[in-house]
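**Q** Sequence:
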Amino acid sequence: MVERVIATDAALALIAQLQAQHGSVMFHQSGGCCDNSAANCYLPTDLTIGAGDVLLGHVGGAPFYIGKSQYEYWKHTQLILDVIDGHGGTFSLEGSTGKAFHTRSRLFTDEEWAGIEPLVARDLA
Numbered sequence: 000m001v002e003r004v005i006a007t008d009a010a011l012a013l014i015a016q017l018q019a020q021h022g023s024v025m026f027h028q029s030g031g032c033c034d035n036s037a038a039n040c041y042l043p044t045d046l047t048i049g050a051g052d053v054l055l056g057h058v059g060g061a062p063f064y065i066g067k068s069q070y071e072y073w074k075h076t077q078l079i080l081d082v083i084d085g086h087g088g089t090f091s092l093e094g095s096t097g098k099a100f101h102t103r104s105r106l107f108t109d110e111e112w113a114g115i116e117p118l119v120a121r122d123l124a
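In numbering that gives the first Met the number 0, the protein residues as written are 0 to 124.
In case anyone wonders, no lab produced these hints; they're calculated from the structure.
Hints may contain errors.
Derived lysine to aspartate or glutamate pairs resembling EDC-like cross-links, with alpha carbons at most 16 Å apart [claimed, not checked]: (1) Lys74 x Glu111; (2) Lys74 x Glu2; (3) Lys98 x Asp8; (4) Lys74 x Glu116; (5) Lys98 x Asp81; (6) Lys98 x Asp84; (7) Lys74 x Asp52; (8) Lys67 x Asp81; (9) Lys74 x Asp109; (10) Lys74 x Asp45.
The following label-pair restraints were derived from C-beta to C-beta distances [to be verified]: (11) Gln18 x Thr47: 13 to 23 Å; (12) Pro117 x Thr96: 15 to 25 Å; (13) Glu71 x Leu46: 17 to 27 Å; (14) Ile115 x Gln20: 29 to 39 Å; (15) Gln20 x Asp109: 18 to 28 Å; (16) Gln18 x Asp109: 33 to 43 Å; (17) Gln20 x Ala113: 16 to 26 Å; (18) Gln20 x Glu111: 32 to 42 Å; (19) Ala15 x Gly85: 12 to 22 Å.
Beta carbons are placed, not taken as given, at the ideal position from N, Cα and C, and that holds for glycine.
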């Protein structure tokens with residue numbers, strides 16, 4: 000099965016580091032306001048997920064959300080969470096590590112898209 004969101008080894012290592020330091024974490028793909036189009040990492044209590052957010056999947060055990068309107072635009076792509084050197088947004092937990100989460104994407108092939116598991120209503124809530 001093709002996942003809607005995956006993570007590189009570097010991203011998984013940084014997620015594990017943040018989980019060891021903070022406990023549970025979650026991601027929200029920013030729509031481009033303050034932190035450009037970055038995947039921001041939060042404590043679950045730091046961001047309210049609501050009807051305007053879509054659960055794409057999990058990376059390193061952490062839920063990964065995207066805004067519903069942004070999902071509609073990007074639904075034909077697989078998001079790939081990666082890490083780059085530098086400082087990400089001030090809102091994201093990794094900001095002090097000297098690294099930043101970075102989202103890459105690729106289009107699903109026709110075969111992948113035909114077989115991708117549809118999101119259920121709870122994921123689109």
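**Q** Hint by hint, note whether the structure agrees.
**A** These are the hints, each one checked on the structure:
{"no.": "1", "hint": "Lys74 x Glu111", "verdict": "holds, 12 Å"}
{"no.": "2", "hint": "Lys74 x Glu2", "verdict": "holds, 12 Å"}
{"no.": "3", "hint": "Lys98 x Asp8", "verdict": "holds, 14 Å"}
{"no.": "4", "hint": "Lys74 x Glu116", "verdict": "holds, 12 Å"}
{"no.": "5", "hint": "Lys98 x Asp81", "verdict": "holds, 10 Å"}
{"no.": "6", "hint": "Lys98 x Asp84", "verdict": "holds, 5 Å"}
{"no.": "7", "hint": "Lys74 x Asp52", "verdict": "holds, 13 Å"}
{"no.": "8", "hint": "Lys67 x Asp81", "verdict": "violated, 22 Å"}
{"no.": "9", "hint": "Lys74 x Asp109", "verdict": "holds, 13 Å"}
{"no.": "10", "hint": "Lys74 x Asp45", "verdict": "violated, 26 Å"}
{"no.": "11", "hint": "Gln18 x Thr47: 13 to 23 Å", "verdict": "holds, 21 Å"}
{"no.": "12", "hint": "Pro117 x Thr96: 15 to 25 Å", "verdict": "violated, 36 Å"}
{"no.": "13", "hint": "Glu71 x Leu46: 17 to 27 Å", "verdict": "holds, 20 Å"}
{"no.": "14", "hint": "Ile115 x Gln20: 29 to 39 Å", "verdict": "holds, 34 Å"}
{"no.": "15", "hint": "Gln20 x Asp109: 18 to 28 Å", "verdict": "violated, 42 Å"}
{"no.": "16", "hint": "Gln18 x Asp109: 33 to 43 Å", "verdict": "holds, 36 Å"}
{"no.": "17", "hint": "Gln20 x Ala113: 16 to 26 Å", "verdict": "violated, 41 Å"}
{"no.": "18", "hint": "Gln20 x Glu111: 32 to 42 Å", "verdict": "holds, 35 Å"}
{"no.": "19", "hint": "Ala15 x Gly85: 12 to 22 Å", "verdict": "holds, 20 Å"}
Of the numbered hints stated above, those contradicted by the structure are hints 8, 10, 12, 15 and 17, listed in ascending order.
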